Amino acid sequence: MKTALAAALFSTALLLAAPSALADSVDMSTITCEQLMAGTGEDAGNLLIWVDGWLAGQADETMLDSETLEAQVEGILTVCQESPEMSMINAAKQYLNE
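Going by my numbering, the final residue of the sequence shown carries number 98, and the count climbs one at a time with no gaps.
For the record, the hints were derived by calculation from the structure and aren't laboratory data.
Just so you know, these numbers come straight off a predicted model, no measurement behind them.
A hint or two may mislead.
[What the hints assert, rightly or not] Calculated pairs, DMTMM-like style, for lysine to aspartate or glutamate (alpha carbon to alpha carbon, straight line, at most 20 Å): (1) 93 x 34; (2) 93 x 82; (3) 93 x 65; (4) 93 x 70; (5) 93 x 27; (6) 93 x 67; (7) 93 x 52; (8) 93 x 74; (9) 93 x 61; (10) 93 x 60.
[To be verified] Distance ranges between label pairs, derived from CB positions: (11) 24 x 67: 29 to 39 Å; (12) 85 x 43: 15 to 25 Å; (13) 54 x 98: 11 to 21 Å; (14) 62 x 38: 28 to 38 Å.
Where is the CB? At the ideal position from N, CA and C, for every residue including glycine.
Work out the full structure, taking the sequences as your base and the hints as a guide.
Shown next, in the form of C-alpha cells:
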C-alpha cells in the first residue's frame, strides 16, 4: 500500500506541475463512491488524497501521516462499498465521525 500511496502522491505532484493539461474542472462534491470505485487505482488514489487534504484543511491540520492516511483510505472505501450512491466527501465525513 505504501508503494501505491507514493505512486499516487507522485502522480498528483505531476498533475499539479502541469495545470495546462487539466482543461476540465471537476466539482469534487458530485463524485459518488460508485464513480470512485469504478476508476483506476491511480484515479482513486488521487481522489482520496484530495479528500484527505480537503478534510485536513477543514480541520486546520497541516500534518500528513502515511499510516493515518492509509487507515482513512481503507475506512472511506469500506463506507463506499456499503453505500455506493453516497458522495465520496460524505463517505469520508461519515468514516471520520464513526
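Hints, one by one, checked against the model:
1. 93 x 34: holds (16 Å)
2. 93 x 82: holds (14 Å)
3. 93 x 65: holds (18 Å)
4. 93 x 70: holds (16 Å)
5. 93 x 27: This hinted pair holds, its Cα atoms lying about 17 Å apart.
6. 93 x 67: This hinted pair holds, its Cα atoms lying about 18 Å apart.
7. 93 x 52: holds (10 Å)
8. 93 x 74: Given pair residue 93, residue 74 holds - Cα atoms ~13 Å apart, limit 20 Å.
9. 93 x 61: holds (15 Å)
10. 93 x 60: holds (15 Å)
11. 24 x 67: 29 to 39 Å: holds (33 Å)
12. 85 x 43: 15 to 25 Å: Holds, since residue 85 and residue 43 (Cβ atoms, about 19 Å apart) stay within the stated range.
13. 54 x 98: 11 to 21 Å: Holds, since residue 54 and residue 98 (Cβ atoms, about 18 Å apart) stay within the stated range.
14. 62 x 38: 28 to 38 Å: holds (32 Å)
Checked against the numbered hints given earlier, the structure satisfies every one of them.
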